[in-house]
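A.B. asks: Hey, can you work out the whole structure from these sequences and the hints?
Line by line, the protein sequences give chains E and Y.
Following numbering that gives the first Met the number 0, the numbering of the first sequence begins with 0 at its first residue and continues without gaps.
Following numbering that gives the first Met the number 0, the numbering of the second sequence begins with 0 at its first residue and continues without gaps.
Note that these hints are calculated values from the structure, not bench results.
Possibly wrong hints are sitting among the right ones.
[Claimed, not checked] A short, non-exhaustive set of chain E residues, derived as facing chain Y with CB atoms under 8 Å:
| id | residue |
| --- | --- |
| 1 | W12 |
| 2 | L52 |
| 3 | F104 |
| 4 | I186 |
[To be verified] To give a feel for the contact side, a few chain E residues facing chain Y, derived at Cβ under 8 Å:
| id | residue |
| --- | --- |
| 5 | P82 |
| 6 | F91 |
| 7 | V93 |
| 8 | N94 |
| 9 | H221 |
| 10 | D225 |
C-beta: ideal position from N, C-alpha, C; glycine also.
Letter by letter, the chains look like this.
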Amino acid sequence: MDSDAVICIDDLWVRYGDRVVLENINLTVYSREIFSIVGPNGGGKTTLLNTILAFKEPIQGNIQVMGENPKKIRKSGIIGYLPQKSEYDQYFPVNVFDVVAMSRFARKRSWGKLNNKDRECIHDALKMVEMADFENRHFGSLSGGQQQRVLIARALAIQPKILILDEPSTGLDAVAQDTFYHLLHKIRDREDITIIMVSHDIGTVSSVVDQIACLNKSIHFHGNPDEGIPSEALEKVFGRDIQFLIHDEHCKTCEKRNE
Amino acid sequence: MSELFHMVFFRNAFVMSLLLSLLFGLLSFFIVMRRMTFLGAGIAHTAFGGVALGVLLGIHPFYSSLVFCLVSALLIGKLVKYGNISYDTGIGIFFSFSMALGVLFIALKKAYTFDLSGYLFGNILGVTQTDLFLSLGAVLLFIPFLAIFFQQILFMTFEEKVASVSGVRTDMLDTLLLIFLAVIIVVSIKIVGIILVSALVVLPASFGRLLSNDYRKVITGGIGYTLFIMVGGLFLSYYLDSPAGATMVVLGTCVYFLGLIVKRSR
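C.D. replies: What follows is the structure in structure tokens.
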């Protein structure tokens, strides 16, 4: 495994029942990259994340996260994670500070006590996502975008080496999405962290990430989106309708590519 | 009132109510917040099969029902996790299966002098010192367990998958929580009965949530509420000459709806 590689995937195959959902996946994610996996709904993006997170066993192939087996890495708690569908109860009786503090408690047996370093990490994470003024607010009283920032703060508070975000921009309006992508760059620039993000929104994502992998059962393109994604690869992943998307005048990536 | 405490059965029931208030006040929060309230009813009802098996084989029903409830709780947990079925389905299957087994076991025992209704609806006259020690044992195991793992269980209750990725041993904690749920239910069956015990799983946290948006206050409010309905119900049942378990549950339900009305009217 390359010393600078954070995740190495080699000839990975995953199946649900009789249906193969991922085939021959080969992928390397390097340290401090913002890496996006894009593809249509049902294309296997979340399955790939679940396999990286050791929630799903592959039928063939090999995955190494920081040079280790994903199961071992998950127990070590060095991954910050924001799932696609948050399963939490909106009215769960916790405030913003409590939510972020959860990740600091994840691996300690401290009889409910936080030390100074824990508090510092929680405050730093809340400051990073610009939610420090909300720490005493009931979590359920926040807007969707604010809740998402708090959940990112929770992921950051464990001081992860890898931040994994599954469809993080879903449900956010255009302004909140812009703020969110700006935040991702801020996190990457200030922390020693690799960010892996899953999205179906190739138009927006390709303008803000360093590397992109187009996935629909198998990887059809893997590289720097600024260098252009071959139209054949896009068609294989998204179908012919992708031409309408990439020629959308609001799509920065397309403008950039058309220049 | 002091003359009541001269009666051994009342003293036992009083102490047991105090211990169970603490147990249910704490446990209820996690069960309700994890949307597993039907699990309490399901596990309690599986105890019927265990009680009946105990009657059939001449074993103390506490031990046979404990085994039944523990096995059911763990099997339901594993079925949900690995069998790709919902909690409701898993509980529904075990609930009716165990009740049916109970009926068959009772039918096989041609003649018995056992107070089965005491197990179904509770009987404070049947609360012995052994039951007190069992309740105390449950408290002495459950409180340190929660004290050590409280925050991890809170995280798991809020978002299980993220907790697991963050390093929380969710499988182990989930199993232990199910074991404690089964033990606490079996321990409390003597006082409130198989049919009514699920109310003690659901009501404390439901009432606590009327009080606050802070989990600390929800839990302490739930403990206070359970203490009030169990001890209050015990005294009320004595003066009304009514069954203690049913009195506690009726009182608890009335207090809950009163709380709901007060909250809504604000």
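A.B. asks: Double-check I186 (chain E) for me: the hint is only fine if its C-beta lies closer than 8 Å to a C-beta in chain Y.
C.D. replies: violated, 17 Å
A.B. asks: May I ask you to test the interface hint for D225 (chain E) with respect to chain Y, counting a Cβ-Cβ separation under 8 Å as satisfied?
C.D. replies: violated, 31 Å
A.B. asks: Please verify that hint: H221 (chain E), Cβ, nearest Cβ of chain Y, below 8 Å or not.
C.D. replies: It is violated, given that the least Cβ distance between H221 (chain E) and chain Y is near 24 Å, above 8 Å.
A.B. asks: When the nearest CB of chain Y is found for F104 (chain E), is that gap smaller than 8 Å?
C.D. replies: It holds, given that the least Cβ distance between F104 (chain E) and chain Y is near 3 Å, below 8 Å.
A.B. asks: Against chain Y, run the beta carbon of P82 (chain E) and see if the smallest gap drops under 8 Å.
C.D. replies: At about 6 Å, which falls below the 8 Å cut-off, the nearest Cβ of chain Y leaves the hint on P82 (chain E) intact, so it holds.
A.B. asks: Let me know if the C-beta of N94 (chain E) comes in closer than 8 Å to any C-beta of chain Y, holds or violated.
C.D. replies: holds, 7 Å
A.B. asks: Would you settle whether the hint for L52 (chain E) is holds or violated, based on the nearest Cβ-Cβ distance to chain Y being less than 8 Å?
C.D. replies: holds, 6 Å
A.B. asks: Closer than 8 Å between Cβ atoms is the bar; does V93 (chain E) clear it against chain Y? Give me holds or violated.
C.D. replies: Since chain Y brings a Cβ to about 6 Å from V93 (chain E), closer than 8 Å, the hint holds.
A.B. asks: Would the hint on W12 (chain E) stand, with a C-beta cut-off of 8 Å toward chain Y?
C.D. replies: With Cβ-Cβ at 21 Å, over 8 Å, it is violated.
A.B. asks: Should the interface hint for F91 (chain E) be scored as holding, given a Cβ-Cβ cut-off of 8 Å against chain Y?
C.D. replies: holds, 6 Å
Hints 1, 4, 9 and 10 from the list above are not met by this structure, while the remaining hints are.
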